[in-house]
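K.L.:
The primary structure of each chain is shown beneath.
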Amino acid sequence: MSDAWAMVTVFGLCGLAFAGLALTVGRHWGDLVDRRRDPPRRLVTRLRLAAALCLAAALSVAVRHQGVGFGLLLWTLALSVAALSVAAGITAMSRPDRTADPR
Amino acid sequence: MSTKKRTLISPALRAAMLWPHTWAGVTLGGLLMLIFFMGSLAVFADEIDRWMMPDTRIGAVGAPAPDAPFSLDRHVLPVVEQLAAGRGLRDWYAKLPDARRPAMALRVRTDGGVSGGMATADGRLLPPVGTLGATSFFYPLHYSLHLRAGFVGYWIVSFATVAMLAGLISGIIIHARIFKDFFTFRSWGQLRRSLLDLHNLTGVLVLPFHLMISFTGIVIILPMVLPAGVNALYDGDVQRFYDDALGNYSRPRSGTPAPLAPLDPMLAEAKRLWGGGEAAVVFVINAGDAASVVRLNRDTGDRLSLDVEPIFFDGVTGALLKHQRPGPVVATHRLLSGLHFAAFDHWPLRWLYFLFGLSGCALIGTGLLYWLEKRRVADTAVVGLGWRSVGALACGSITGLLIATLAMMAANRLLPADVPSRELVEAGLFFLAWIGSAIHAAIRTRRDPPWAAQCSAVAALAGACVGLNWLTTGEHPLRAIALGDWPVLGVDAVLALTAWTAWRVARRLSHRQSHRPGASALTMTEATDHV
Amino acid sequence: MGAKTVRRAGTGRSPSGGARPSRPAWTTAARVTAAVFGAYGFAWGLAAFGAELGVLIGLAPAEAVTAASLLSLLILPMTALWAFAVPRAAIGWAVLGGGGIVMMAASRLIGIPLP
Numbered sequence: 643m644s645d646a647w648a649m650v651t652v653f654g655l656c657g658l659a660f661a662g663l664a665l666t667v668g669r670h671w672g673d674l675v676d677r678r679r680d681p682p683r684r685l686v687t688r689l690r691l692a693a694a695l696c697l698a699a700a701l702s703v704a705v706r707h708q709g710v711g712f713g714l715l716l717w718t719l720a721l722s723v724a725a726l727s728v729a730a731g732i733t734a735m736s737r738p739d740r741t742a743d744p745r
Numbered sequence: 059m060s061t062k063k064r065t066l067i068s069p070a071l072r073a074a075m076l077w078p079h080t081w082a083g084v085t086l087g088g089l090l091m092l093i094f095f096m097g098s099l100a101v102f103a104d105e106i107d108r109w110m111m112p113d114t115r116i117g118a119v120g121a122p123a124p125d126a127p128f129s130l131d132r133h134v135l136p137v138v139e140q141l142a143a144g145r146g147l148r149d150w151y152a153k154l155p156d157a158r159r160p161a162m163a164l165r166v167r168t169d170g171g172v173s174g175g176m177a178t179a180d181g182r183l184l185p186p187v188g189t190l191g192a193t194s195f196f197y198p199l200h201y202s203l204h205l206r207a208g209f210v211g212y213w214i215v216s217f218a219t220v221a222m223l224a225g226l227i228s229g230i231i232i233h234a235r236i237f238k239d240f241f242t243f244r245s246w247g248q249l250r251r252s253l254l255d256l257h258n259l260t261g262v263l264v265l266p267f268h269l270m271i272s273f274t275g276i277v278i279i280l281p282m283v284l285p286a287g288v289n290a291l292y293d294g295d296v297q298r299f300y301d302d303a304l305g306n307y308s309r310p311r312s313g314t315p316a317p318l319a320p321l322d323p324m325l326a327e328a329k330r331l332w333g334g335g336e337a338a339v340v341f342v343i344n345a346g347d348a349a350s351v352v353r354l355n356r357d358t359g360d361r362l363s364l365d366v367e368p369i370f371f372d373g374v375t376g377a378l379l380k381h382q383r384p385g386p387v388v389a390t391h392r393l394l395s396g397l398h399f400a401a402f403d404h405w406p407l408r409w410l411y412f413l414f415g416l417s418g419c420a421l422i423g424t425g426l427l428y429w430l431e432k433r434r435v436a437d438t439a440v441v442g443l444g445w446r447s448v449g450a451l452a453c454g455s456i457t458g459l460l461i462a463t464l465a466m467m468a469a470n471r472l473l474p475a476d477v478p479s480r481e482l483v484e485a486g487l488f489f490l491a492w493i494g495s496a497i498h499a500a501i502r503t504r505r506d507p508p509w510a511a512q513c514s515a516v517a518a519l520a521g522a523c524v525g526l527n528w529l530t531t532g533e534h535p536l537r538a539i540a541l542g543d544w545p546v547l548g549v550d551a552v553l554a555l556t557a558w559t560a561w562r563v564a565r566r567l568s569h570r571q572s573h574r575p576g577a578s579a580l581t582m583t584e585a586t587d588h589v
Numbered sequence: 006m007g008a009k010t011v012r013r014a015g016t017g018r019s020p021s022g023g024a025r026p027s028r029p030a031w032t033t034a035a036r037v038t039a040a041v042f043g044a045y046g047f048a049w050g051l052a053a054f055g056a057e058l059g060v061l062i063g064l065a066p067a068e069a070v071t072a073a074s075l076l077s078l079l080i081l082p083m084t085a086l087w088a089f090a091v092p093r094a095a096i097g098w099a100v101l102g103g104g105g106i107v108m109m110a111a112s113r114l115i116g117i118p119l120p
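Protein chains in written order, with my numbering: chain A, 643 to 745; chain B, 59 to 589; chain C, 6 to 120.
Okay, chain A solo, but in the shape it has when bound (with noise of 0.2 Å):
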């Protein structure tokens, strides 16, 4: 059970760091959060931190759980899946037919 947790651990902070990550993006901002202001410049060096101790976090799981070689490369792996995710994730969330405004 605890293989599962750790599988869920990591790749569930990798979307996490994505997700802030995406926040500072204009584009999603906008469509997400506030269309008539560009993200505070103070949130985005904060969510920019969160996301690399997020990234970290989850990188210290991978390695911890399933040693070097196999936590680097679910590591890696993981970062694609999870940016993948919050991409499908935001197109879901700012469709046009969502959000009004057909860019």
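Some clues are possibly wrong.
Listed below are several chain B residues computed to face chain A (Cβ distance under 7 Å; list not exhaustive) [as the list claims (entries may be wrong)]:
#1 Phe243
#2 Trp246
#3 Leu259
#4 Leu263
#5 Pro266
#6 Pro406
#7 Leu410
Quick list of the computed label-pair ranges, beta carbon to beta carbon [said to hold, decoys possible]:
#8 C:Ala30 / A:Ser702: 50 to 58 Å
#9 A:Leu691 / C:Thr32: 45 to 53 Å
#10 B:Leu205 / C:Gly63: 38 to 46 Å
#11 B:Ala234 / A:Arg737: 19 to 27 Å
#12 B:Asp322 / A:Gly731: 50 to 58 Å
#13 B:Trp409 / A:Ser702: 20 to 28 Å
#14 B:Ala554 / A:Gly654: 25 to 33 Å
#15 A:Ala699 / B:Leu555: 31 to 39 Å
If you're looking for bench data, these hints aren't it; they were derived computationally from the structure. Note that the structure is predicted; figures quoted are calculated from it, not measured. Think of the CB as a built atom: it goes at the ideal place given N, C-alpha and C, for glycine as much as any other residue.
Assemble the complex: chain A is given as a structure, and chains B and C must be docked to it using the hints.
P.N.:
Positioned in the frame of chain A, the structure of chains B and C alone reads:
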């Protein structure tokens, strides 16, 4: 984007990279699609083998008991004798049973030719499987295109793979707004933009995997396709280089007959030398000869590296001949090869390799479709021969490849067991179906390749495969669950998913065709995401 | 793909803007061949020369061959792309082809006997 970035990648460099990126993709896209698709299938080669060889499934041979005493002398040697059938034995090897292949696979070279077969862990020879399966058909197609003479296939695949690497690098250079578009996929609006978004997304987000898999793919056969170093230092003798680098051992036949020493003590000694770990393959070279050599390979399921730590024994005396560990650079080479092979026992990684391999198909497919869409906009009036060729090529390498694969799997369940050279008939049907769908695509591509028709064919074939497996083996999903036969269940599930997706795509395409011609290729790429 | 389609890409509505407005077929051919054969020749030379050099600095032959080959494979796609990036195709051919020949000759000169 900072000014520093701008100086690093100048607009001129970007413009210069576009031409090779585009034309390498258009000319080699179909071939790369084949390589990536078959590579993805190869990740689950053992599981597809079980599906295609019902006699080797868990339900037929029983699960291998981990603590049952397994003996090379009592369980493997009699099967080898049976396969040799009295002819003079020259060499043989046996891949020992494991969790993914509950039966052992043997290959025997005699004075009267080569024969192979599979046997249960307790040494009962199984009836001929009558198929090449995934390990001997889909997988070699991935790396050699079945063109073994003069390693032509290896050269072609390596060339395409270098082009893939160049395509990835040039793609990153061309992509002007990597970070702004990092997560962007606009599935709505212009089809052209959606395709480019998807192309960028699969290219950028899965870049680590694509770079790794393309690079390590060539690394495995590097001494064959770049033998410069071997020529310089080993006078072009690749065999000698491998003996030196990987610790292999070879010696010629002496001609003096001599009996084989017991194998089990050698197996025990090998396990001791490995410091734990299981044997995966046993080879006997120059069998029955005074110069016979026994080779044991270690199972690499517990490690990334493909270092099989071969151990060589004298076949007559049983004395240790060679056990040489590779140096650090060769160990790196083995690690890189292992990263590509994914022979490790790790199910999450196996699924990720499979899915990311398919994402490579999506990357190449969206690239081809984007080229088509862009050209369509550029030349509204005329759809030239070039455009139609690329359209047919894209169709033949996306849906055509699926049709061929599924046709072979359906034929595998339909052909009676007593058809002469059954495995070759199956392989022939694969190529026939492929050529057939390519011709269909070439004839029917006017304003659009015949996506809807071919998607319907994919759906019908994939659905038929699931049904045929049930009808011919009696192993429906519930029974597979009861037996714990996850390989068959998994293959059936992916087939069913393929059928469902292809059917939905086909329906949507034919529905849309009346409203917006050509607006549907996007969903095609979604289809390639599921096998 | 025939030469016809290749030329169409060069002379037609080229997306490369003003960077290279029109390219005669032979320049394109020179670049493509430089990228395919020139880059491979360069990689060949580097792998041969690197292997000899590796043995000179004390690596085991198998290690030297593997290290040099891996390095060559690493630079192969980059040199192939570089053949398209240089201002003139001739420079690409000169550097890749010339470099390859020089390194091959150098490896012959070192000529370490068989281990």
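K.L.:
Look at each hint and say if it fits the structure.
P.N.:
Evaluated hints:
1. Phe243: With a closest approach of 5 Å, the phenylalanine 243 (chain B) hint holds.
2. Trp246: 5 Å, holds
3. Leu259: OK, holds: leucine 259 (chain B) within 7 Å of chain A, min 6 Å.
4. Leu263: Because about 4 Å separates leucine 263 (chain B) from the closest Cβ in chain A, which is inside the 7 Å limit, the hint holds.
5. Pro266: 5 Å, holds
6. Pro406: Since the shortest Cβ distance to chain A is 6 Å, the answer is holds.
7. Leu410: 5 Å, holds
8. C:Ala30 / A:Ser702: 50 to 58 Å: Since alanine 30 (chain C) and serine 702 (chain A) have Cβ atoms about 56 Å apart, the given range 50 to 58 Å holds.
9. A:Leu691 / C:Thr32: 45 to 53 Å: 50 Å, holds
10. B:Leu205 / C:Gly63: 38 to 46 Å: 40 Å, holds
11. B:Ala234 / A:Arg737: 19 to 27 Å: At roughly 25 Å between Cβ atoms, arginine 737 (chain A) and alanine 234 (chain B) fall inside 19 to 27 Å, so the hint holds.
12. B:Asp322 / A:Gly731: 50 to 58 Å: This hint holds: roughly 57 Å between Cβ atoms.
13. B:Trp409 / A:Ser702: 20 to 28 Å: This hint holds: roughly 23 Å between Cβ atoms.
14. B:Ala554 / A:Gly654: 25 to 33 Å: For alanine 554 (chain B) and glycine 654 (chain A) the Cβ distance comes to about 29 Å; the hint holds.
15. A:Ala699 / B:Leu555: 31 to 39 Å: 33 Å, holds
The structure meets every hint from the earlier list without exception.
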